[in-house]
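There are 2 protein chains.
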Amino acid sequence: MAEDTRERILSACERVIARSGLRGFRMQEVAREAGVSIGLLAYHFGDRDGLLEAALDHVNESAAIRAETPGEQPAPARLIALLTSEFGDDAGIRDGSVAWNELRASAVFDAGQARAVARSTADWQQRVVELVRESLGPQGADPEPIALLLTALVEGLSGRWLTGQITAAQAQDAMRDAAARVGIRAS
Amino acid sequence: MAEDTRERILSACERVIARSGLRGFRMQEVAREAGVSIGLLAYHFGDRDGLLEAALDHVNESAAIRAETPGEQPAPARLIALLTSEFGDDAGIRDGSVAWNELRASAVFDAGQARAVARSTADWQQRVVELVRESLGPQGADPEPIALLLTALVEGLSGRWLTGQITAAQAQDAMRDAAARVGIRAS
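Protein chains in written order, with the working numbering: chain A, 467 to 653; chain B, 467 to 653.
Examples of chain B residues lying across from chain A (beta carbon under 8 angstroms, computed):
1. R489
2. V583
3. P611
4. L614
5. L623
6. Q631
None of these hints come from the bench; they were simulated from the model. Yeah, the Cβ is synthetic: ideal placement off N, Cα and C, and Gly gets one too.
This is chain A alone, in the form it adopts within the complex:
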């Protein structure tokens, strides 16, 4: 499948979830939203669970792509860009965040989905572990608990943001504040 078709389908999947949640989620609606056949969707992603797992990874990948900056930035700036790229007023960012929240919430009741969420979360957290290690240097603190703190905080703040308790900018400020408290500053 061409990369742009894959991208189109996964963005469509996030929009469908963001519109009405996982309740009554149907692959047919994703196919319609993406303008592809249900056969193509099934051929490439398999079943509903395969599509939803790919959507989780897509949310992570999209945040990583948004965080990319021209030229090579120092590790602390890259880490903060990655963490703050999870929030924003752009519809695509919000759709991805809602989809992630929905999938995690439903994973509490679905062991298969819980495995997918755990795997995708671990990938994301590992990326953060490496950036924390690079930011703090070889003599720095253990990056694992710091990465857990920062990634779990992104998830907690996203719930506040998506329910209108804080703005995207406030969530980003809170992430910069948390990073500074563990000794990571962009400049």
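Knowing the structure of chain A, use the given hints to seat chain B on it.
Same frame as chain A, now just chain B:
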């Protein structure tokens, strides 16, 4: 309504949500689970939204009650007890956490529920603000961003815990670690 009836209904409500989520949630099932009439339920909590809002407050109150210790402890110990009391292997703690997670997830799609979640979250966060202020003293750092960080982290870690990515004990350790990083230690 006697306090124990209210307590019984709200615990039953959390069990019902923890069993099968908010999807298909019905007051009738809560009445049956609590062993009361649907009329009594409706009389005291009003409609579905009234019951769910009371359940949110009940989750917070239950955590505060669990955190109470005999004798007067210093503020840092009380704060850490409150934050870590959100996690535990006891069925009641897990039920309350699942209910909170479900209500927050569905609040993304429901403005009325979002208001209830925002109000209940603000009450809880204010309690944390006061304990942070007392812990850090009058010359200490601004307690507001610290309380946002700590409470949002509880919510993020609860998602990890409820999907089996970390244990309740690991979530509690992560909260103690986060509190220590903002200068709050139990002893």
